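Chains A and B are the protein sequences, given in the same order.
With positions in the first sequence counted from 1, the corresponding number in our numbering is that position plus 89.
With positions in the second sequence counted from 1, the corresponding number in our numbering is that position plus 89.
Simulated from the structure, these hints should not be mistaken for lab results.
Keep in mind that a hint or two might mislead.
Same chains, same names: a pair is fine if it fits in one copy or spans any two.
No farther apart than 30 Å at their CA atoms in a straight line, the calculated lysine-lysine pairs in the DSS-like style are these [said to hold, decoys possible]:
1. Lys174 x Lys339
2. Lys416 x Lys380
3. Lys281 x Lys226
4. Lys226 x Lys339
5. Lys281 x Lys165
6. Lys339 x Lys356
7. Lys226 x Lys356
Keep in mind that this is a model prediction, so the values were computed, not measured.
2 protein chains.
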Amino acid sequence: MTGQGLPLAGFRVLELGHYIAGPFAARMLADMGAEVIKVEPPEGDPHRGWGSQVNGHAVWFSIHGRNKLCVSLDLKSEDGREKVKALAARADALIENFRPGYLERIGLGPEVLQAINPRLTIARVSGYGQDGPYRDKPAFGSIGEAMGGIRHLTATPGVTDHPPPRCGVSIADDIAGIYAAMAVLGAAWATKGNPEAKGRIIDVDLVGSIFSLMEGMLPEYGLFGWVRQPQGAALPTAAPTNTYLCADGKWLCVGGNSDAIYRRLMKVIGREDLGADERLQTNIGRCANVKEIDAAIEAWTRTLPAAEAERLLDAADIPVSRLYDMKDCAEDPHFRARQTVMEVRDPLLDRTLLHPAPPFRFDGVSPPEMVRWTAPAIGAHNDHVFGELLGGK
Amino acid sequence: MTGQGLPLAGFRVLELGHYIAGPFAARMLADMGAEVIKVEPPEGDPHRGWGSQVNGHAVWFSIHGRNKLCVSLDLKSEDGREKVKALAARADALIENFRPGYLERIGLGPEVLQAINPRLTIARVSGYGQDGPYRDKPAFGSIGEAMGGIRHLTATPGVTDHPPPRCGVSIADDIAGIYAAMAVLGAAWATKGNPEAKGRIIDVDLVGSIFSLMEGMLPEYGLFGWVRQPQGAALPTAAPTNTYLCADGKWLCVGGNSDAIYRRLMKVIGREDLGADERLQTNIGRCANVKEIDAAIEAWTRTLPAAEAERLLDAADIPVSRLYDMKDCAEDPHFRARQTVMEVRDPLLDRTLLHPAPPFRFDGVSPPEMVRWTAPAIGAHNDHVFGELLGGK
Chain A
90 MTGQGLPLAG FRVLELGHYI AGPFAARMLA DMGAEVIKVE PPEGDPHRGW GSQVNGHAVW
150 FSIHGRNKLC VSLDLKSEDG REKVKALAAR ADALIENFRP GYLERIGLGP EVLQAINPRL
210 TIARVSGYGQ DGPYRDKPAF GSIGEAMGGI RHLTATPGVT DHPPPRCGVS IADDIAGIYA
270 AMAVLGAAWA TKGNPEAKGR IIDVDLVGSI FSLMEGMLPE YGLFGWVRQP QGAALPTAAP
330 TNTYLCADGK WLCVGGNSDA IYRRLMKVIG REDLGADERL QTNIGRCANV KEIDAAIEAW
390 TRTLPAAEAE RLLDAADIPV SRLYDMKDCA EDPHFRARQT VMEVRDPLLD RTLLHPAPPF
450 RFDGVSPPEM VRWTAPAIGA HNDHVFGELL GGK
Chain B
90 MTGQGLPLAG FRVLELGHYI AGPFAARMLA DMGAEVIKVE PPEGDPHRGW GSQVNGHAVW
150 FSIHGRNKLC VSLDLKSEDG REKVKALAAR ADALIENFRP GYLERIGLGP EVLQAINPRL
210 TIARVSGYGQ DGPYRDKPAF GSIGEAMGGI RHLTATPGVT DHPPPRCGVS IADDIAGIYA
270 AMAVLGAAWA TKGNPEAKGR IIDVDLVGSI FSLMEGMLPE YGLFGWVRQP QGAALPTAAP
330 TNTYLCADGK WLCVGGNSDA IYRRLMKVIG REDLGADERL QTNIGRCANV KEIDAAIEAW
390 TRTLPAAEAE RLLDAADIPV SRLYDMKDCA EDPHFRARQT VMEVRDPLLD RTLLHPAPPF
450 RFDGVSPPEM VRWTAPAIGA HNDHVFGELL GGK
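Chain A with its partners taken away, still in its complex shape:
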């Protein structure tokens, strides 16, 4: 590693996390160089059982648990709680995603922990947040997506025989996790170098994390009573931008929604008449006539395989992409050149795996240097953490 290395070297985080949101938050910090101590029950985070396995270890967890120190203890035992307190005394931040009230019930609430370490910042990730009438409801990511407004919008107008799809990944958990990591660092910036500063208690909810993405829809409802309806693959406020069917049955995403790009696009598809049409020189005019434009584009894409249509549009400097599946991603030359996709040896699985790079990069640190190690086994760092760090405590 050249230069200054990873920025969070020396920042210690205690993770009392399980499943997705809490561990994802802690992993963001670990990928930036923090020392993350993941506390698991003796049987491990249940996430370790998710998805396909090699050598008895989950493939997904190789990424989800990477760059962390893993210790195991029983939170329900006095010994386990004493270890957590001793670790909290030595940590900068703690991240947890139990149901609200659980940590208090087992005697590890924020008041207890901050009495031990007043400078400890505690980030709490939950479905509905730490207060309010729905606080105690059970919440999964899917419910956060439904209530936060994104499921209603992820749909095709007129399709009534299939439910609106999810986006295929645990988007509410992921976004809440990134927000939590960000907020922890905001609090850490305030605390560092200020001996008077106390740690903060941070409350991040899955529902609110999704709701935070709803653009101007909330004030538009308040002012005008408008309720945004789903638009399929189109945008309500820009044209032409859509996903078009090609001759081989594949879909092509095209963004032709700037004045100059629109004219280039019309030239490629052989419709310079539309490119020159006075009505269609501005975005407002194109939005008003979007059906006509979309039909012209799809009349062209339907004559070509997706790869060929993509090549022609790309050559004309028009934003375009087929809908990448994982094979496309894994084999893409740009992903490989930037090491967004990289090979990493996983000693637990005893295989070389493909890992995704963090999407945030720091000068002087290559992507492989950000994956310091793959997910350790349950309790792999008990000796190091309970022995060396806590001095045998």
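Could you slot chain B onto chain A? The hints should help.
Quick look at chain B alone, frame taken from chain A:
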């Protein structure tokens, strides 16, 4: 404001952003209390023209530009560039989302700026990142979503007559923006209180931001050649969790995918036989028989209006939500009680608007205290910033 206030008070950010990703990153920092100086051309960020308007001002931008100081200058003029340099000399971080290479071409590249202020961290948000073969391609958020893998997954198996929908919001820009804000704070933590430390150059790409959410799909492709296919509203690895049609044509999202919740769910729908079925006591068994379980659930939801089915499931402590539209969100008692939805006076629009609270909260700071002001007009803070801050420079 009680207690310690917002954590980023005293942290100064220069935003050379436009449209969504860069300004969204800067707004996260502004919502946490940073002093964000948004630099716009004399005609303003084109985002100011997006969506519905009141009094000549966009409703969405009231949120998108909140808590910022707005100054206007011409980056193509010598005077404008000198002002940017003078501001960079006094800032902790700079966020930009021009096409890669643009800042260098106008003489404001990272080398120039860090020569003036070696401690300045510079976050660069772009479609494909600052290097690699696709670096110079035009990229919109939709393309980042297509290439990052999420558009392929956001689909319903068997539906071939409609394109896979987008999720209705600018998800690639938003996530890249949150990542950029987080990475800026990671660098800021390292710099603070360390006189030796230099500012970092951070590279965040839209494509990689989406790709970072692809769970274990990349190593599973690498190991087994598996290519994850879309699953509609279901999950591939948990059951039952899906979205079901109700008697009034509305959809209901239900998460019954834990052993205990599953049994409660079967009781509510009058199928205790399935709840007791030996095959269905584990997630693996339920995944293998998911069609039978989903059919039983939907046979029940089809007999009831969505609100009534939701009430019955909620009473049995089963994760459930109808697909909230903006009216549901705006009027929900939990959103109101937690001030996730709050009323804010906007002097430019001369209206009281509904604003969404930040989804990250700090103890002692209420949501209304996090919205210090709504988006200012173009150049509203020229006198303050160019006069007082730069001393008339």
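Structure-based check of each hint:
1. Proximity of Lys174 and Lys339 under a CA criterion of 30 Å is satisfied in neither setting, with 55 Å inside one chain copy and 48 Å between copies.
2. For the homomeric pair Lys416 and Lys380, the shortest alpha-carbon distance between copies (28 Å) is at most 30 Å, but the shortest distance inside one copy (33 Å) is not.
3. Within a single copy, Lys281 and Lys226 get their C-alpha atoms no closer than 36 Å, and across copies no closer than 40 Å, so neither meets the 30 Å cut-off.
4. Taking the closest pair of Cα atoms, Lys226 and Lys339 come within 30 Å of each other only across two copies (22 Å); inside a single copy the shortest separation is 42 Å, beyond that limit.
5. Taking identical chains as interchangeable, the C-alpha atoms of Lys281 and Lys165 are never at most 30 Å apart, the minima being 33 Å within one chain and 39 Å between chains.
6. Taking the closest pair of Cα atoms, Lys339 and Lys356 come within 30 Å of each other only inside a single copy of the chain (22 Å); across copies the shortest separation is 43 Å, beyond that limit.
7. In this assembly of identical chains, Lys226 and Lys356 lie within 30 Å of each other by CA distance solely across copies; the values are 19 Å between and 55 Å within a copy.
In this structure, the hints that do not hold are numbers 1, 3, 5, in rising order.
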